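Peer 1: Given next are the chains, with one letter for each unit.
Number of protein chains: 2
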Amino acid sequence: MRSFRLALGLRSHPVHVGSGLLDQLGELALAEGLSGRCAVVTDHNVAAHYLERALQSLRQAGFQPVAISVEPGEASKSLARLEEVFDRLIDAEMDRSGAIFALGGGVVGDLAGFAAATYLRGVPLVQVPTTVLAQVDSALGGKTAVDHPRGKNLIGAFYQPRLIVADVTTLATLNEREFREGLAEVIKYGAIMDAAFIDELERIMPTLLQRRTAELEAVIHRCLAHKAYVVERDETESDLRTILNFGHTVGHALEAWAGFGRYLHGEAVAIGMNAACTLSCAYAGLAPAAAQRLRRLIEAAGLPLDLPEGWLGEDFKRAMQVDKKRADGGIRFVLLEELGKATLRRLEIDTALSGLR
Amino acid sequence: MRSFRLALGLRSHPVHVGSGLLDQLGELALAEGLSGRCAVVTDHNVAAHYLERALQSLRQAGFQPVAISVEPGEASKSLARLEEVFDRLIDAEMDRSGAIFALGGGVVGDLAGFAAATYLRGVPLVQVPTTVLAQVDSALGGKTAVDHPRGKNLIGAFYQPRLIVADVTTLATLNEREFREGLAEVIKYGAIMDAAFIDELERIMPTLLQRRTAELEAVIHRCLAHKAYVVERDETESDLRTILNFGHTVGHALEAWAGFGRYLHGEAVAIGMNAACTLSCAYAGLAPAAAQRLRRLIEAAGLPLDLPEGWLGEDFKRAMQVDKKRADGGIRFVLLEELGKATLRRLEIDTALSGLR
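Quick mapping for you: the protein sequence lines, in order, are chains W and R.
Under my numbering, the residues of the first sequence are numbered 556 to 912, in order.
Under my numbering, the residues of the second sequence are numbered 556 to 912, in order.
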């Protein structure tokens, strides 16, 4: 087990990464001062593999857990599902001392996290991410949200968990596509802030794809440490934290334009990182050879690079404009000056799109 | 105008109390760094009197305001109304820089405040309270919430405004009952932390009931300063802030038991303060003469003292037990050791109820 502490003043909390940590969930939570009634929010897929082990560990540590399982998939990030979670918490007579455990991927983390942020004006939250994407990215940093019919993550809160427990053995049951999409966010950390990590990933990618736990633990810990560095300096994304959106401006637009579900988030981010490489060469001085290295690494992870046929049109442009990170009259892109060094550039949308043509 | 700054680290903000401040709303908001698109959330009653003036002031300061008006009354504190507010904010293309102004009483402040806390994970909030209750209590301290069918304020967030602007001239249009209910919270501050304020209120109550702006400004400023003192020391109600619930344990139960609407909140709190006086004499050493003084002051404000016929039964007991401030196996009451000095006492519910019989 590798552990560190996210330093956020009163909202500081421990982060644990390791093998088999699901069976230590109860004792790790107890060590943070949690106890009594609690709820484990999960989805039906994750529940089939891991719910019983989580409940068992919690019971052994003296908790009285109830399970709340939702349909897998983005559709569960709705105000309607959130209301059902509230109903179940009230049914279980959960009071302010009762923690909510988010056992699952990004959807579960966002939904359960926002429920914890708003039930009785906030109850303790424990993130137990079970996908690569959630372990290296969404579980840490306090972003929680549900979707609105007109946009993703439009309703949410910044709400820090009391504890993060990432058990890398839970990654074994992901299907190939789900596993690989998470590597897009892994590569992202190298691209924006750790050139040596790019070297390392080039070297170990074949082993990583075999999901060897030793490599997974090291890689996920390194990503979390990078994200922690950023979040500690800019919790609410007013400045530095924006660099974590590398590849996401085009990625989000692509997800919205193609209809959610066609591309997994990490796949859209991979394509977005390729686009951001092109813009980085044109507007931030990135060497073409460096851009090529990053593209080859994305390919080695089995991720797509190219925007689909017919992407360039008014619909795509509109999708880019609704992204909530836009600055008035243009879009702020995260670009690379070199591998491991990100920068922000405001580009007119037409300039950006023609650069990608 | 009287002003002070609520000291909460990064969430510190100014509080202004005065006459005619509605016409300075735009410039006061501008001085806090707000600008551009914004939304004024209000209810139909308040809108009829004050919306145009607020919009006018905002436009003169260069804002582009949209108005969102809801039905008056507690029923608007629902997830369904909240969703409508989100729809309107998206219609108006509000981004993260766009402030939400809550123009109205406690319902509007709670609904608009929770919308501001959760739209795009948080946008700037300005509280513009227009009732006594909201000016002396609910606008300050960051509590926001909507109701759940099974309980008030079950879904919400602690979210501090960027600015509070209390214009005491807006109190002129309150009906007599609404004006007087706010005085219950005014008297509460004297009871729990300022014995000299009780003397003062005994002296000026007749003038206060005539709503003379000079007295109103002084009284509301004094109450806000007291609340600020408490909130600065315990923002999320883990300890000291509990004393603000003096009179509220029985008050909340009475509201729930009688059906929301029969008693105004302040009326229920007045009756609850009388009950808390009785328990204070029995369990916290309050002198009977002091309890009598407080009761006479409540009466002088035109507020009720007595629990209604038939209150003592299983339904009332259940209503007291669901109050979310309960501690396991008993109820933590805010009691008085003397006028101006509050204390916490855990009482078994049957003990408390028989003391009130």
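It is worth saying that the hints were derived from the structure and are not from the lab.
It is possible that part of the hints are untrue.
Heads up, incomplete: computed chain R residues facing chain W, CB under 8 Å, no partners named [as the list claims (entries may be wrong)]:
{"no.": "1", "residue": "ALA672"}
{"no.": "2", "residue": "LYS698"}
{"no.": "3", "residue": "LEU709"}
{"no.": "4", "residue": "ALA712"}
{"no.": "5", "residue": "THR833"}
{"no.": "6", "residue": "CYS836"}
{"no.": "7", "residue": "MET875"}
Okay, the calculated bits of chain R under chain W, using three or more residues with CB under 8 Å as the criterion [stated by the list, open to error]:
{"no.": "8", "stretch": "673-684"}
{"no.": "9", "stretch": "701-707"}
{"no.": "10", "stretch": "727-740"}
Here the structure is a predicted model, which is why all the values come from computation and not from measurement.
Where a beta carbon is used, it is the ideal one built from N, C-alpha and C, also for glycine.
Peer 1: Each hint needs a verdict: does it hold in this structure or not?
Peer 2: Now for the hints, and whether the structure bears them out:
1. ALA672: 6 Å, holds
2. LYS698: 7 Å, holds
3. LEU709: 6 Å, holds
4. ALA712: 6 Å, holds
5. THR833: 27 Å, violated
6. CYS836: 30 Å, violated
7. MET875: 15 Å, violated
8. 673-684: Check passed, 5 qualifying residues.
9. 701-707: n = 3 at 8 Å, threshold three: holds.
10. 727-740: It is violated, with 0 qualifying residues against the three required.
In summary, the structure is inconsistent with hints 5, 6, 7 and 10 from the numbered list given earlier, while agreeing with the others.
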